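Asks: Listed here are the chains, written in short residue letters.
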Amino acid sequence: MTIAPAPPAARPSSRPTTRPVDQAAPERAVLVLHDVTKQYPNGKVALRDVDLVIPEGDFVFLVGPSGAGKSTLIKLLIRDEVATHGEVVLDDQDLARLPRRKVPKMRRKIGIIFQDFKLLPTKTVWENVAFALEVTGTPRRKVKPAVDRVLALVGLTAQASQTPNQLSGGEQQRTAIARALVHDPRLIIADEPTGNLDPLISWEILQLLLRINELGVTVLMATHNADVVTALRRRVVALEEGRIIRDEVGGAYHHED
Amino acid sequence: MISFVVFSLKRAWQGFWRNALMSLAATATMVLMLLLLAGFFIIQTGLLAGLQFTEQKVQVVAYLQPNIPDSQVQAMEGRLQAMPEVASVAYITRDQALADFRASMKEQGREDLTQYLDSNPLYASLEVKLAEPAGVAVVTQALRDEPQVRNVINIEDLVQRVLTVTNILRTAGTVLLLVVGVIALFIIVNTIRLAVVARAEEIEIMRLVGASDAFIRWPFVFEGAFVGFLGAVIALGILALAAEPISGFMVDFFRVLPIQFGSLTRDLVVLVMGAGVGLGILGSWLSVRTYLIR
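Heads up: the sequence lines are chains A and B, in that order.
Quick note on this note's numbering: the first sequence kicks off at 1113 and runs consecutively.
Quick note on this note's numbering: the second sequence kicks off at 137 and runs consecutively.
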């Protein structure tokens, strides 16, 4: 699904259109950030007055230079950090008010993918994916069908018994995506998923994320990959110095006038 | 719940062998530290037994007036026995005293000069063993108050000095054992921390996929307990192999000491096993905790 075109923007521009930040989400929102500020104990303000609504099924690129606050934003979403001010609401739960012991359960609603894959080198592809279920107490009989299903989805059924060092970078990232999917998450967060991959493989990974999005999973992808962002014309949220400076549907990597 | 325990034990076992080098290094450290601890414990036990033995040697000797009837001596013995400070009373008759003296001379290879005497020059005496050396003053005074007592050898100053020395040694031994215990604790906890830190990435992944704290913590705690158990078994095995020569030496050296080898062995097993498993668990718990607190 796609976002409906926003109301007329202040600045005259045909496409892309600027989204007013306070526009009410038309559908159920997976993620709502309201007036979020994050200041670290050392005084550095990483995010300032951030408002962001991500409806169910959206595909959002999060762009911006290093140090713009992308990593901090992701840390807030997985509640590695708590906002100094404002609300981060994931699936109708305010993360700041979520008790610590409920954090693990909330994290199972999020699948996260990293630039460096974060696979366990001593485990096979199958075991790496099953690991996510085992450590969350999933009954044994449910593990196998779930793992087999997501491995088929990412196209790694044949490589199931190989270890990460026997795989190409793209295959390793697909393993990580399978692991992120195995909990049936509401939201996939991809932090520079193509950062370590060559352009062709990057496209493969993008195709996979788009297909997962078509299956109804919301995707938030932080990236520096300008080609991909500009070519796909999806929703683009641009951060700079901790503020959202641009939030447009069908946007390019760089601002276009 | 049962499946959780099974899961944790299985993961602990896997964790141990997947990082075999780290685990064996931790186990080796554990063995060395436990041996150190056990060694100091044995020394401390020997020291305490020696001190106790020394203190038991303290006895007050009272020489009696000549020709006291046995009935009076027995009455006096009864009065002394009734005192809480007194452990036992022995009556040495004049004949007995002479026999003892002669035996002692013979043992030292000296000539027995008493054979040139017409009569027995020695006095009968009461040897009073004390329950506590500290009771020496009370007992000495009680003996002096008895009219049948001729004189009492004054050993109060000597006893005070012995008590000062034994108390210092006892405190020093305990402090030393505690210091060694604390050193062992820090080294073991640190070694286990290294083994946990080596798997920081695994813990991070567990956190990211939504594993609860218990699922992250307990496999490591079980693994720490296993390292401790294995270390304790190996350390006890080494001690058992060394027990024969050591106890032979100890028996020679402390022939006179009242060491209970049975209870020493039991205490050692409890100490080594308890310290091993306890420190293993403590080390893992503390190490994993740093990753869980956010």
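Warning: the hint list may mix true and false statements.
Partner residues aside, some chain A positions facing chain B, computed with beta carbon under 8 angstroms [stated by the list, open to error]:
1) I1186
2) K1230
3) E1246
4) T1248
5) R1253
6) P1257
7) A1270
8) A1272
9) T1275
10) R1291
Simulated from the structure, these hints should not be mistaken for laboratory data.
Source: prediction; values computed, not measured.
Where a beta carbon is used, it is the ideal one built from N, C-alpha and C, also for glycine.
Asks: A separate judgement is required for each hint: does it hold in the structure or not?
Replies: For each hint, the structure was consulted:
{"no.": "1", "hint": "I1186", "verdict": "violated, 11 angstroms"}
{"no.": "2", "hint": "K1230", "verdict": "holds, 6 angstroms"}
{"no.": "3", "hint": "E1246", "verdict": "holds, 7 angstroms"}
{"no.": "4", "hint": "T1248", "verdict": "holds, 5 angstroms"}
{"no.": "5", "hint": "R1253", "verdict": "violated, 11 angstroms"}
{"no.": "6", "hint": "P1257", "verdict": "violated, 18 angstroms"}
{"no.": "7", "hint": "A1270", "verdict": "violated, 24 angstroms"}
{"no.": "8", "hint": "A1272", "verdict": "violated, 18 angstroms"}
{"no.": "9", "hint": "T1275", "verdict": "violated, 12 angstroms"}
{"no.": "10", "hint": "R1291", "verdict": "holds, 7 angstroms"}
Consistency note: the structure conflicts with the earlier hints numbered 1, 5, 6, 7, 8 and 9.
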